[in-house]
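Peer 1: Listed below, chain by chain, are the residues.
Protein chains: 2
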Amino acid sequence: MALTFEHLREGMELEPLVKPPVDRVQLVKYAGASGDFNPLHTVDDFARQAGLDGVIAHGMLSMGFLGQYVRHLVDAGADIKRMQVRFSRMVKPGDVLTCKGKVIAVRQNDRTAELEIAAVNQRGEVVTAGKAEVRFF
Amino acid sequence: MALTFEHLREGMELEPLVKPPVDRVQLVKYAGASGDFNPLHTVDDFARQAGLDGVIAHGMLSMGFLGQYVRHLVDAGADIKRMQVRFSRMVKPGDVLTCKGKVIAVRQNDRTAELEIAAVNQRGEVVTAGKAEVRFF
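Chains A and B supply the protein sequences, listed in that same order.
Numbers in the working numbering are just positions in the first sequence, counted from 1, shifted up by 1.
Numbers in the working numbering are just positions in the second sequence, counted from 1, shifted up by 1.
Chain A on its own, in the form it takes in the complex (with noise of 0.2 Å):
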């Protein structure tokens, strides 16, 4: 069920999201959605050519996910003004990503949440972190 703002507290570990493992095609699929054919993301070759084992996930992808997550969390109940992430590792096929939320902060004068975001993978390790500022009607 979407968040509402009366029911936010500062402190409240909100409701992770497991995506589907992060797969090849979704890869050839985000670069023709985004434009960005970097090939190191597609090719393995050209990955291996560049000193990794294989290709890697758009670090967009990453961040897309956590902004699907924000969304979902408050459905068409809030607008996302603001979202700044930290890219720290790598993200490759087989991943399995968990976005997770806390609230941080509440704003009562302009019904604003600050979200604290990040993706996880599979074995705890951050991937993409960071703030969320979501505004609700």
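Check the hints yourself; a few may be wrong.
Repeated chains share a single entry, so a pair holds when one copy, or any two copies, can fit it.
Stated by the list, open to error - Taking lysine-lysine and the DSS-like style, the derived pairs with C-alpha atoms no more than 27 Å apart in a straight line are:
1. K103 with K20
2. K93 with K82
3. K93 with K103
4. K82 with K132
5. K101 with K20
Read the hints as simulated data drawn from the structure, not as lab findings.
Once you've looked at the hints, dock chain B against the given chain A.
Peer 2: Coordinates of chain B only, in the frame set by chain A:
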């Protein structure tokens, strides 16, 4: 040509990237790639019932364009460490977004630059803007 750390100067305007017009199929592809199937982005009737005049792009799509732009600017010469954006306007099919950037700080000690980035539509309106931090090798 990709930026090199040695050529960066504070205040330097960066070469813009003009994206092809946003189209509906791209929104469908983005839905498939991200797993974000909110029909607001793909079904006009649904969007109209929500009070819009038709589908709008995923906010994360314009953020993704900015991520692609920063990657395009630095090519393989730097890591993108952080991004932050503010979403200010809706993006609709047919909109032509231009990604623009400017160097706002250069730190010699860790070869890191802070860029101001924005996606601007064909009417010159900023739709998404923020900052990126890139660290050169």
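Peer 1: First find the shortest C-alpha distance between K82 and K132 inside one copy, then the shortest across copies, and answer within, between, both or neither for a cut-off of 27 Å.
Peer 2: Classified as both; 11 Å inside a copy, 15 Å across copies.
Peer 1: At most 27 Å between CA atoms: does that hold for K93 and K103 within a copy, between copies, both, or neither?
Peer 2: within (26 Å within a copy, 31 Å between copies)
Peer 1: With identical chains, the pair K93 and K82 could be close in the same copy or across copies; at 27 Å between alpha carbons, which is it: within, between, both, or neither?
Peer 2: between (29 Å within a copy, 18 Å between copies)
Peer 1: How would you classify K101 and K20 at a CA-CA limit of 27 Å: within, between, both, or neither?
Peer 2: For K101 and K20, only the intra-copy Cα distance (11 Å) is at most 27 Å; the inter-copy one is 32 Å.
Peer 1: Check K103 against K20 for me: Cα-Cα at most 27 Å, and say if that holds within a copy, between copies, both or neither.
Peer 2: within (18 Å within a copy, 35 Å between copies)
In this structure, every one of the numbered hints holds.
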